[in-house]
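Enquirer: Listed below are the residues making up each chain.
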Amino acid sequence: MSREPAVTPELAREHGLTEDEYATALKAIGRTPSFPELGVLSVMWSEHCSYKSSRVHLKRLPTKGPRVIHGPGENAGVVDIGDGWAVVFKMESHNHPSFIEPYQGAGTGVGGILRDVFTMGARPVAVMDSLRFGEPSHPRTPGLLRGVVAGIAGYGNAFGVPTVGGEVQFDAAYNGNILVNAFALGLCRSDRLFLGQAKGVGNPILYVGARTGRDGIHGATMASAEFEEGEEAERPTVQVGDPFMEKLLLEGCLEIFAAGVLEGIQDMGAAGLTSSTVEMASRAGNGVELWLDRLPRRAKHLTPYEILLSESQERMIMVARAGEEQRVLDICAKWDLDAQVVGRVTDTGRFVVRATPGYDPLSGAPWPDDPPVVVDLPVDLLTDAAPVYTRPCVEDSRLTDRYGVDATGLAFDPRSDLLELLSAPNVGSRAWIYRQYDHIVRDGTMVRPGAGDAAVVRLYCEDERGRREKLIAMSSDCNGRFCELDPRTGAAMAVAEACRNLACVGAAPIGLTDCLNFGNPQRPEIMAQFRDAIDGIADACKALGVPVVSGNVSLYNETTEQGGPRAVLPTPTIGAVGLFEKVSDVVGAGFRTAGDHVFVLGPRGDDRLGGSEWLTRRTGRVCGRPPSIDLAAEAALQSLLVRAAREGLLASAHDCAEGGLLVALAEACILGQSGAVLSLPAEYAVTPGGLFGEDPSRVVVSVTPYVLELFSRRVAEAGVPCAFLGRVGGASLSLEGVASWGLDEMREAHASALDDIVGR
Amino acid sequence: MRAVVIQFPGSNADFDALHTLRDVVGVETSYVFHKTPTLPAGTDLVVLPGGFSYGDYLRCGAIARFAPVMADVRRHVERGGLLLGICNGFQILTEAGLLPGALTRNAHLRFECRDVLVRVDADGPFTQDLRGRVLRLPIAHAEGRYQADEATLQSLESKSLVAFRYVPAAAPDARLPANPNGSLHDIAGLYGGPRRNVLGLMPHPERMAEPILGGTDGRLLFHSAVRAALAR
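So the protein lines, in turn, are chains A and B.
By this note's numbering, the letter at position 745 of the first sequence is numbered 1419, and the numbering carries on one by one without gaps.
By this note's numbering, the letter at position 110 of the second sequence is numbered 189, and the numbering carries on one by one without gaps.
It is worth saying that the hints were derived from the structure and are not from the lab.
Mixed in with the good hints, there may be bad ones.
Stated by the list, open to error - According to the in silico footprint, chain B covers these stretches of chain A (three or more CB under 8 angstroms from chain B):
(1) 829-840
(2) 918-924
(3) 1108-1116
For clarity, every value in this text was computed on a predicted model and none was experimentally measured.
Cβ coordinates follow ideal geometry from the N, Cα and C atoms, glycine included.
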């Protein structure tokens, strides 16, 4: 065993602690920390674990609602779906590891979020992935896209959870920092939830799952620093996933839950054993004592420092009721899982770790008696008393300079521009990606990826009381370009779009999760983006009446380049979950029957092109005055859509998003395998803004003539603007006086969107 | 009639098979854990479900064939009982020698999940009166490329044991190849066993048995199996 280094202020700085933070720690402890204690402090006070820059702002998010069972603060949010059942969901980032090692980084991102969900007692039943890559022509983009998609597929497919949705965007701002945000949703009985609490003094602490190795040491600290050039050499800090182990862990945990012997459980995610046990102790107001000599391990000569900071995957910490240890161990044996009692709950309020120097159980020697204490720190110092910063915020004064750009002098040809947009990587088909995901395992996927505005999944609720089916929808959204040009409005638009997608398929939103990806919070412009984005999310949540129940913050998504720091587009990804009343409410996005009337619902907008795909392609940069959003009009639109769906009045509904109105119409044709004969309403101009502007709150619907009168009545009652465009039919999309596009050419353009990046 | 779905560690379409048999087709169905040495008395149909048995870190299905339950599954087949291997179950059947040949990595080397069209090309207990029908079924696999030597293929063809073959779809799926994985002879499923009582196939009939999942073609196989079991 190598000797431990002496703890000095320099070593503390290398661990990411500032001078002030180290001084605070010294004062609180009253002595120089041991080397493992320094490691514990550094991970618990890292941005990733402590939310020290974001915490003051996150408080402004609305988190309450009649259906909310558990909001932020637990491993995942829990929302009631009625009849004694609940959904558990959360989204989390795995950005830095995925850039360094895309396959393992993305795969373990999925693994981590799955554990967050099943830790609470829920069986995961759906996953979505929100991905951001650099520009398609960047030399690293194809390899990163291939690796990330294969990693998500490799983990989710083997684990046996369907990947039912998500989104992908490409922009130069992500060239040096890709984003991989994984969402998972699970189903459980609302009266059988499990929390991450170390309750009951004297209760045993059990370690279950994969053995501990050296992988991922300091992952949390890595995720709390920006990349410098050449840091891809950090590969050893990336965790390695084993979805088979995770599957066994899931089945073992579900059986242990059912046995009714647990007081608390938490997965070992970021900062591993340390974070999980400290958080459990903190939530219960207790202390914990850990015996590292007994810890199952796969690498020889692990030091306490390494064990405490390892981020080996597929591991759980459980607190069982005293006397029930054997029950847990027996179930683990059935599922071929390693399990061991590794400590106990105490009343000291301290995080105490014991380990015998030089002892390695892999040597075969028995556990030594009375191992000495190597860590003894107050739990609250690591959690509630961790640093919190109100960092300075200064809006980027150069931002509004970009607003001056518009379509003046730019080439515009509606016919070729539509085909160009349909084949753009940011707009066209994602089939190359989702075909690699098992999106149908578990027999629940009713609306598959690419087939509708949101995924629709049947939940099979079965217990001793009987069986019943529930239907939910989910969507993830964020347009970082709008957030860059106007963070508050852009973030509100992300919430609005995610919920609008639910409304388009006929579901009412019941809760949100967010994954907030930003640059370096120590730069005031970035902190201003963060502050404003939180306010935008809060604005939209209040207007739409939907709470945020879980979330994750990922900062330092930034690269130091020669020209200075380059941050990602501010990307507050929103994952939205909605509930249906009945199966017949589900509405598809494609036109269905010739003769149906086509309308665009929602306010006219002002045709601003800022941040649009069309303007970005024409100018090569994110610029222009971005669209605004009227949240009251948005709420009215969504209520109307859900009501019309429940009354069976909609043949199809499709949101206008990237590419604007004309792309939405083309997509409705492609999905429905049907043309349409349309003309633009008088208030729409044949301009880039009119055809390709991305004003929010607009939905293309088709309505069968028989229910037109009922539909019109509901529209009038809702006070939602509605413009008639024409009728479904024929083999082409024809826009009177503008152009006509054959179904085949639109389909081919749409299908080819990723060809230039990954091939056919 | 009584059906069981074997749960290997890493099976993940076990629920799909149980749900379709029990809740859609109405067959009394239960799980049997891989460590169980004997099947329940009176078992008519054994399903080896999809998934990644033992992680599939070695060749797919290579470890599952040694599972304690497999000895009794073999006896069940020798008695003439029905055995259905879906996806990973098909891979296990070839590894166990219950069906000839092997399923290797898809020709394009990626996992592929989408609907395909397959034509029923052989009669048997799972395809009674279905010969010539084209079914829409989903696939979800990375290793479904059927391979065998020329003599084996000739034998399969001459004995009419090729149960399902991938066939082209009309547009709009024209960009995608009809044969999704490069299987020889476009083979999607095979009959075997002493009385054609063993069927292995890569597509998932149990995921296409309800209207809300996109179709009901998969139900046909289960209804056929129920008829066969009742006739015994």
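Enquirer: Compare the structure with each hint and give your call.
Expert: Outcome of the hint check:
no.	hint	result
1	829-840	holds (count 4)
2	918-924	holds (count 4)
3	1108-1116	holds (count 9)
Figure legend: structure checked against the earlier numbered hints; every hint is met.
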